[in-house]
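Protein chains in written order, with the working numbering: chain A, 1 to 241; chain B, 1 to 241; chain C, 1 to 241; chain D, 1 to 241.
Hints were generated in silico from the structure; no laboratory data involved.
Take the hints with a grain of salt, since some may be wrong.
Just so you know, same-sequence chains aren't split out, so a pair can sit in one copy or run between any two.
Claimed, not checked - Result set (DSS-like, lysine-lysine): computed pairs, CA atoms no more than 27 Å apart in a straight line:
1. 48 - 15
2. 104 - 124
3. 104 - 48
4. 48 - 230
5. 7 - 21
6. 191 - 227
7. 48 - 11
8. 222 - 104
4 protein chains.
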Amino acid sequence: MEERNNKPIVKLISKPENMLKTVYTACRTCYSAQSPVEMYENDVDEEKMLKLIRNVVASGHHSTIEHIQVSFAISNVSRACTHQLVRHRLMSFSQKSQRYVQEKGQFDYIIPPTIDRNPELKEKFISFMGEISNKYQEFVDAGIPAEDARFVLPNAASSSLVASLNLRELIHLANLRLCTRAQYEIRCMVKDMCEALSKEEPWLKEYLVPKCEAIGFCDEHKSCGRKITKAELFEKAGVNC
Amino acid sequence: MEERNNKPIVKLISKPENMLKTVYTACRTCYSAQSPVEMYENDVDEEKMLKLIRNVVASGHHSTIEHIQVSFAISNVSRACTHQLVRHRLMSFSQKSQRYVQEKGQFDYIIPPTIDRNPELKEKFISFMGEISNKYQEFVDAGIPAEDARFVLPNAASSSLVASLNLRELIHLANLRLCTRAQYEIRCMVKDMCEALSKEEPWLKEYLVPKCEAIGFCDEHKSCGRKITKAELFEKAGVNC
Amino acid sequence: MEERNNKPIVKLISKPENMLKTVYTACRTCYSAQSPVEMYENDVDEEKMLKLIRNVVASGHHSTIEHIQVSFAISNVSRACTHQLVRHRLMSFSQKSQRYVQEKGQFDYIIPPTIDRNPELKEKFISFMGEISNKYQEFVDAGIPAEDARFVLPNAASSSLVASLNLRELIHLANLRLCTRAQYEIRCMVKDMCEALSKEEPWLKEYLVPKCEAIGFCDEHKSCGRKITKAELFEKAGVNC
Amino acid sequence: MEERNNKPIVKLISKPENMLKTVYTACRTCYSAQSPVEMYENDVDEEKMLKLIRNVVASGHHSTIEHIQVSFAISNVSRACTHQLVRHRLMSFSQKSQRYVQEKGQFDYIIPPTIDRNPELKEKFISFMGEISNKYQEFVDAGIPAEDARFVLPNAASSSLVASLNLRELIHLANLRLCTRAQYEIRCMVKDMCEALSKEEPWLKEYLVPKCEAIGFCDEHKSCGRKITKAELFEKAGVNC
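For reference, chain A alone in the conformation it holds in the complex:
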């Protein structure tokens, strides 16, 4: 059985110059008589900048972190995953088109982990991907255009995209999609996005967490137990929600 790479490939390809200084200047502009042009030109201690940003973000004034946008090149993710991802309407996407790009030979695909760890099911899955590939080629050979032949291609077929989003939306994405309730593949992809960015900008690490870490409790219907649920929190405190 051939060895496949089943994990998303994620690369941070673009981020603003002077990320921290830009957010700091934006935060201070709201509350200061000084002009942002002057502020930006002054040297400021990094700790001081971080402290202000932490306060402003903690106060819920999240428009200040929209001034940072980052871009990721992503490949080896299923069309099932990208159909979920593109529902984040505040992101920008450029995705490989199945209308314009015709598959040559076996298309790439993703095997879900529940299937991947069962050798018998995995073999059945891989073999069926081969059958789908053959059927796709039969239609193409019969003169059906790629945009129609692709109707037989499965959700498992892998896709590529460039995705950009601002820091506010990235934190929102992390809050939702790092939750264990999110589907495995998108959770894995978002985790890689967050790690790629945190590696270069470590001050962001504390914000790129599942929602329960951000708010201190779990508000999902079914909790994974990582954090106290909202109902338990209020019960323990003896307070009516």
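Assemble the complex: chain A is given as a structure, and chains B, C and D must be docked to it using the hints.
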């Protein structure tokens, strides 16, 4: 060979009360000393309202038509089509989930017209949809959750959704997707959306057209010939573009 | 001293037909094998619809309530207030233009309550509004266009607008602007918007509340004391935040 | 008469690293079987990148240029101008707050050019700004909070902000606001924004133009004569619009 319904099913399920009056009031508010509350309460001749709206829209002041939002129930469209549709980020969607809704028996699917009109290819397509359905059930029966078994489901699998959008976005959608360059299925679906609305609000008909009808010429790379191309227009006029 | 109306005038001018049924159909579409067209055509008990909507909203699946959009005609609000309001980027606005609408005679204005309840300051304020009006007219009489003469007009000058927003954004607006930390005038305006809608659609009343009512505690830096603060809640529960 | 700086101060404070390469990678991702991660890592000739981008933008596929976001620090603009600017809902803003920042002494302000070039009116204007400043201080001294005292401050009062937007929105902003129909001050500010960016990224210059330059004709109701009007173009070409 079984007879299948291959066309989108589109139903306008919601529109605002007093659509025309609302847009008229919005348009006048910008240019009048009168309060919109008073304006709204006065009776105005329909022709007079339409004339003002036509002028305002022609002048490119399109934020005034955002005050109208309409909702459509849509079914019998492929996941290929919905992946295109949900890229319209100014729309609101509630779509049938392949994670939470498990297929029982043969899933519904769409046959692309290029295949549908060739009896041999059509039979091959239908038969392969049966094979995919069997494979999906095999995985489900082996204990694989629906959210992972769906990795074998094809782009052809049909979906359902409720989609809402304001009039500005609907005109944009019509401009783009009624163009013959758009894929057959989404063109068909958007045509049905526009017709369902125009039937109840005939004054909107003139706006729900492909882009070339709206601007008077074609600015696509490859033109279908319905309208003069931009290059030809400037050449005929003897003007440098 | 002349008697002035200092309160926003708010009128709900448009809402969708079948509001509850539309949201219900959207919620069910996500989790059901049935088509939304069929669902919409069936009669459903109101209590059953409300129960489903409550569950879906409580689970944080808020895109389902975007399918409802409502429109308000608003007048007698200051330009200070509208500059705040138009920062809500998911709303649609058509606002009276100070460029195109020239003031004739004394412009309308809003007196802030802290000044309104002090007779001496109030008189000073009203008299100064008269001086500004005279200055504006002097510039207009000297041939200065309205768009430039308006540079002397104050933040107090009243404005009119038509504002539309979907239910998700209205709940967000209520959560933020019904908080006692919001400025008096916008709080008053948003309260009137919520009451106008709740009067016609009483099932929405429970959602149109300040954030502390929605989440059960206060997460502002400075609390008004209406609800337990987040810090106190965790302390009482003996849990680390 | 004191000498005042009446022009917006605009500084480009942030742009992405590798701007051109990021857009190029996004454009190619849509039409290529290669992964964007590999593409990004290959060296590509600048001319080749520019050619592809030009083609993609000319074809109207503008989502590809959303991957670039830039940030500007802006000061010395009137509140009249910022009330216009913040209506661009796809931008991100952090603006100096008149609620939280109390004016000390004479507030800064902008004199409209029609007044600025008339010495008599200019003197009257400056003197009146002094009167407003005195009145503001009187209210502050009487214990009125800044958020209410500001009700006497004029549209002329200057403001500061950090504004971020992606390239698609910047081109839209340029198309609208570089038109001679836009108000003088915002036209001047947007011109400075475009020049600041074009200076560092000269390949963008051709896109940062008024709409008539972009489309080849003028579609305003009242034309300034810079370009042929749409009506004249069709008439010259002997074509019905």
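Structure-based check of all given hints:
{"no.": "1", "hint": "48 - 15", "in the structure": "both (22 Å within a copy, 23 Å between copies)"}
{"no.": "2", "hint": "104 - 124", "in the structure": "both (22 Å within a copy, 21 Å between copies)"}
{"no.": "3", "hint": "104 - 48", "in the structure": "between (55 Å within a copy, 26 Å between copies)"}
{"no.": "4", "hint": "48 - 230", "in the structure": "between (34 Å within a copy, 25 Å between copies)"}
{"no.": "5", "hint": "7 - 21", "in the structure": "between (34 Å within a copy, 25 Å between copies)"}
{"no.": "6", "hint": "191 - 227", "in the structure": "within (19 Å within a copy, 35 Å between copies)"}
{"no.": "7", "hint": "48 - 11", "in the structure": "between (30 Å within a copy, 23 Å between copies)"}
{"no.": "8", "hint": "222 - 104", "in the structure": "between (43 Å within a copy, 25 Å between copies)"}
Checked against the numbered hints given earlier, the structure satisfies every one of them.
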